[in-house]
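Asks: Read off the chains here:
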Amino acid sequence: MSTTGGSLLAASLFSVRSCFAQASQVPDIFKPASTPADSIHRLSLFVLIITALIFAVVFCLLAYAVGKFRHRATEDGREPPQVYGSNQMELAWTVVPVLIVLVLFFATARVIHSVQEAVPPPGAIQVTAIGHQFWWEFRYPALGVVTANELHIPVSDPAHPTPTFVKLLSADTDHSFWVPQLSGKTDLIPNRINSLWIDPHETGMYVGQCAQYCGTQHAKMLLRVYVDSPEQFSNWVAAEKQPAQSTDAVAVGRQIFEKTACTNCHAISGTVANGRFGPDLTHLMSRETIASGAASNTHENLKLWIRNPDSIKPGSLMPAMNLNDQDLEAVTVYLESLR
Amino acid sequence: MSSESIALTAVREPSRALSDWLYSWVTTVDHKRLGILYILYAILFLIIGGIEATIMRIQLIVPHNHFVSPQTFNQMFTMHGTTMIFFVVMPVLFGFANYLIPLIIGARDMAFPRLNAFSFWLTAFGGFLLYFSFIGGNGLYGAGGAPDVGWFAYAPLTAKTFSMGHSTDFWTLSLLVSGFGSIGTAVNLVVTIVCLRCPGMSLGKMPLLAWLNLVMGAMVLIVISPLTAAQVMLCLDRFLGAHFFDTQAGGSAVLWMHFFWIFGHPEVYVLVIPGFAFASEIIPVFSRKPIFGYPIMVAATVAIGFISMSVWAHHMFTVGMSSYGNTFFALTTMIISVPTGIKIFNWLGTMWGGKLQFKTPMLFCIGFLFQFLIAGLTGIMLSAAPFNWQLSASYFVVAHFHYVIVGAILFTIFGAFYYWFPKMSGRMYNEKLGKLHFWLFVIGFHLTFDFMHIPGILGMPRRIYTYEPGRGWEIWNLIVTIGVFFQIVAILVFVGNLLYSMFKGDPAGNDPWDAWTLEWSTSSPPPEYNFARIPAVRSRRPLWDIKHPEDPDWKYE
Numbered sequence: 005m006s007t008t009g010g011s012l013l014a015a016s017l018f019s020v021r022s023c024f025a026q027a028s029q030v031p032d033i034f035k036p037a038s039t040p041a042d043s044i045h046r047l048s049l050f051v052l053i054i055t056a057l058i059f060a061v062v063f064c065l066l067a068y069a070v071g072k073f074r075h076r077a078t079e080d081g082r083e084p085p086q087v088y089g090s091n092q093m094e095l096a097w098t099v100v101p102v103l104i105v106l107v108l109f110f111a112t113a114r115v116i117h118s119v120q121e122a123v124p125p126p127g128a129i130q131v132t133a134i135g136h137q138f139w140w141e142f143r144y145p146a147l148g149v150v151t152a153n154e155l156h157i158p159v160s161d162p163a164h165p166t167p168t169f170v171k172l173l174s175a176d177t178d179h180s181f182w183v184p185q186l187s188g189k190t191d192l193i194p195n196r197i198n199s200l201w202i203d204p205h206e207t208g209m210y211v212g213q214c215a216q217y218c219g220t221q222h223a224k225m226l227l228r229v230y231v232d233s234p235e236q237f238s239n240w241v242a243a244e245k246q247p248a249q250s251t252d253a254v255a256v257g258r259q260i261f262e263k264t265a266c267t268n269c270h271a272i273s274g275t276v277a278n279g280r281f282g283p284d285l286t287h288l289m290s291r292e293t294i295a296s297g298a299a300s301n302t303h304e305n306l307k308l309w310i311r312n313p314d315s316i317k318p319g320s321l322m323p324a325m326n327l328n329d330q331d332l333e334a335v336t337v338y339l340e341s342l343r
Numbered sequence: 045m046s047s048e049s050i051a052l053t054a055v056r057e058p059s060r061a062l063s064d065w066l067y068s069w070v071t072t073v074d075h076k077r078l079g080i081l082y083i084l085y086a087i088l089f090l091i092i093g094g095i096e097a098t099i100m101r102i103q104l105i106v107p108h109n110h111f112v113s114p115q116t117f118n119q120m121f122t123m124h125g126t127t128m129i130f131f132v133v134m135p136v137l138f139g140f141a142n143y144l145i146p147l148i149i150g151a152r153d154m155a156f157p158r159l160n161a162f163s164f165w166l167t168a169f170g171g172f173l174l175y176f177s178f179i180g181g182n183g184l185y186g187a188g189g190a191p192d193v194g195w196f197a198y199a200p201l202t203a204k205t206f207s208m209g210h211s212t213d214f215w216t217l218s219l220l221v222s223g224f225g226s227i228g229t230a231v232n233l234v235v236t237i238v239c240l241r242c243p244g245m246s247l248g249k250m251p252l253l254a255w256l257n258l259v260m261g262a263m264v265l266i267v268i269s270p271l272t273a274a275q276v277m278l279c280l281d282r283f284l285g286a287h288f289f290d291t292q293a294g295g296s297a298v299l300w301m302h303f304f305w306i307f308g309h310p311e312v313y314v315l316v317i318p319g320f321a322f323a324s325e326i327i328p329v330f331s332r333k334p335i336f337g338y339p340i341m342v343a344a345t346v347a348i349g350f351i352s353m354s355v356w357a358h359h360m361f362t363v364g365m366s367s368y369g370n371t372f373f374a375l376t377t378m379i380i381s382v383p384t385g386i387k388i389f390n391w392l393g394t395m396w397g398g399k400l401q402f403k404t405p406m407l408f409c410i411g412f413l414f415q416f417l418i419a420g421l422t423g424i425m426l427s428a429a430p431f432n433w434q435l436s437a438s439y440f441v442v443a444h445f446h447y448v449i450v451g452a453i454l455f456t457i458f459g460a461f462y463y464w465f466p467k468m469s470g471r472m473y474n475e476k477l478g479k480l481h482f483w484l485f486v487i488g489f490h491l492t493f494d495f496m497h498i499p500g501i502l503g504m505p506r507r508i509y510t511y512e513p514g515r516g517w518e519i520w521n522l523i524v525t526i527g528v529f530f531q532i533v534a535i536l537v538f539v540g541n542l543l544y545s546m547f548k549g550d551p552a553g554n555d556p557w558d559a560w561t562l563e564w565s566t567s568s569p570p571p572e573y574n575f576a577r578i579p580a581v582r583s584r585r586p587l588w589d590i591k592h593p594e595d596p597d598w599k600y601e
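Those sequence lines, one after another, are chains P and B.
Heads up: the first sequence is residues 5 to 343, going by the working numbering.
Heads up: the second sequence is residues 45 to 601, going by the working numbering.
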């Protein structure tokens, strides 16, 4: 019998947290840092305890039966007593599970209601997240900010909660917004408006990624959420609201950017570039990653991304731009000036 | 006549015999031969689907691996899922049902033998059509491509805009075709069980194998229809510009999900109920006791059949249903664990106080009980909708449903293979190799699927061809992949054992297990007409009555 596997499973379900408590960037659902993830966490511990108890009882019965009632060579060849059933026993193992189900159901219904029926308080931040193949567009309509792939939200003080309510839309196929430590996942579905909310109580960077298969590069549709202190957040908003600043030193690169196909897909506020298919680049250098988290935002990676996106993210919709080395360098330098 | 022509005839003789032999198999309408064809066909596709799984696991053994491209990986998980559900588990269960149902109810064949053959060849054609996509999927430009939209093919990824070429059409048409085959077989099973039982076998005296397959057949009739309807609508979208699921023209992506899952979830029970049926025949015989609580076992099965039609949207807890919708489907999903739990307890009750013989079929059934228990409990976790918002579409779900489909269903299927192999071939399998297969498979299964739960808890989504290092997922993915190789060796032992025993095994005799149902009363393998005289029964265990005239079952039932 496969007892080792079973106990390993049971043990691992509970010890996962301790194994990786030290590691950073582990999107562990059992290390919540925000309210919906918190209440889900409490419910899941309750469900885990009940299922563990059921497992222990039934497993002991099975192990006992296997050990106790094995046929022994010393016995005579007679058949054991033929028992056809027992109404009392069968009633017992019908009624008890029904009671367990009722308890689980009420616990579950309570959390469903508390998460789904939450009403935004006056201080709530409103964000619209739009899923694209294979990146995230984030718009803050009330603040006039547009960014991509890295969502900034303020930490929420329980005395004056500033939760973030995210409206979820899709520009093409299904996607799913999942940052395990902040909230459960909710899908972004074309022709449909979904929503989720986050009420974080610890600052930090939380990783997640698209959780609904959306095409070739589903795997590299990564997601970062920065939970900022209120000052950091207001500074970030102030910076993001500015149009792009460019100096004469990068004029060559800017000219190439504006005269090639870049502007078909990308927007840079304060310039002629106003495409909507790709991420807004107005403050590209305020982001730590490019290509929806597939690479860190360095000079070399930027250049590689413009020259041959497939080498970082095969199947991404960004075309190779076929610039000569000089122009490539100039465009990269221009992009690096977008702070 | 010259000596030359005599020599020619002598040379031609064996090849003529081969073609006659092939012809007799291709044109057969005998339920036993069709059953064996289904089973062999399923083993072929099991190996193909297993290769696809292995390719995926090699790709995921380390982060940022370059073993296959994302495009290939996406084709692999689509083909693996579609193959395993539609062209392995369903055919193998239909195969056993075909072979066993007439024998166990004392009939000479299925009710509609020619429909039976037609259904098999439709299913077979469906599988080959799906695999033809590897060379024809991209249309006429030479480069082929298998479907890459996932086995549940969510809209709008299947729309022309996102899925060019014909790979999705191959997927749609092959499921449409094999779906008709499934419906034919289901009609046949239901009619056979309802109309062709031998004298004395009232519904209440029918072996559980027949009862459970009756429920399965009825469910197939109901649930294949929405799938077929959805496939027709998808064809209309792709070829005639309809807009059922085409979101860019106002269609609904969620509509496809409803159509697919109202098929998809009952389908799980369509697959697991015949698995229950095998366990309900094997566990009593190797415990030397009748099944515990026969009436409630039947009632629980019928209840599962009904309730399973009302749980489908638990696959959709994350699509933004209202809180009332989520609450309803959480409740129905939890309720279905009650009849399922009853079954587990009744199998335990069957073993309790018996004299257990740990032959290979029984080992697989005990493995099934243990793993199905865990699969049920992770199922309860997933039914708690908020917990599901975290776990769904993660590797936790992948681990959970492989626990059901491999740990429960495939284990009972292996049990059934070993249990009925002597009847089908007339020879015993090798018990040592059987046990080796069991232990290797148990080790491989638990290495792979126990540890697969953990990356899901740590936030790893399914269907990603690669992953970032530093998220705590590496070690678990490595262990999961190592387990696969144990499973491969186990399957090789299994196939080797079947081939060896087919030709070299000891003669099995009519009744090697000292069993109680009618298939063991005829010769091994049974003659084409099954029974020289149609038997008459007085209880659920007619052979027990014959072997124990002093203490027959019919006195108590």
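Be aware that one or more of the hints could be misleading.
Unchecked claim - These stretches of chain P come out as covered by chain B in the derived footprint (C-beta under 8 Å, 3 or more residues):
| id | region |
| --- | --- |
| 1 | 148-155 |
| 2 | 281-287 |
| 3 | 310-316 |
| 4 | 324-332 |
Unchecked claim - For lysine-lysine, the following DSS-like pairs were computed, each having C-alpha atoms within a straight-line distance of at most 30 Å:
| id | chain 1 | residue 1 | chain 2 | residue 2 |
| --- | --- | --- | --- | --- |
| 5 | B | 399 | B | 249 |
| 6 | P | 72 | B | 548 |
| 7 | P | 72 | B | 591 |
| 8 | P | 171 | B | 204 |
| 9 | B | 591 | P | 263 |
| 10 | B | 548 | B | 599 |
| 11 | P | 245 | P | 35 |
| 12 | B | 548 | B | 403 |
| 13 | P | 72 | B | 476 |
| 14 | P | 72 | B | 204 |
Stated by the list, open to error - Simulated DEER-style distance windows between Cβ atoms:
| id | chain 1 | residue 1 | chain 2 | residue 2 | range |
| --- | --- | --- | --- | --- | --- |
| 15 | P | 207 | B | 169 | 35 to 45 Å |
| 16 | B | 402 | P | 197 | 28 to 38 Å |
| 17 | P | 197 | B | 539 | 13 to 23 Å |
What the hints contain is simulated information worked out from the structure, not anything from laboratory work.
We put the beta carbon where it would ideally sit given N, CA and C, even for glycine.
Asks: Please flag the earlier hints that this structure goes against, numbers listed from lowest up.
Replies: Violated hints: 1, 2, 3, 4, 6, 9, 10, 11, 14, 15, 16, 17; rest satisfied.
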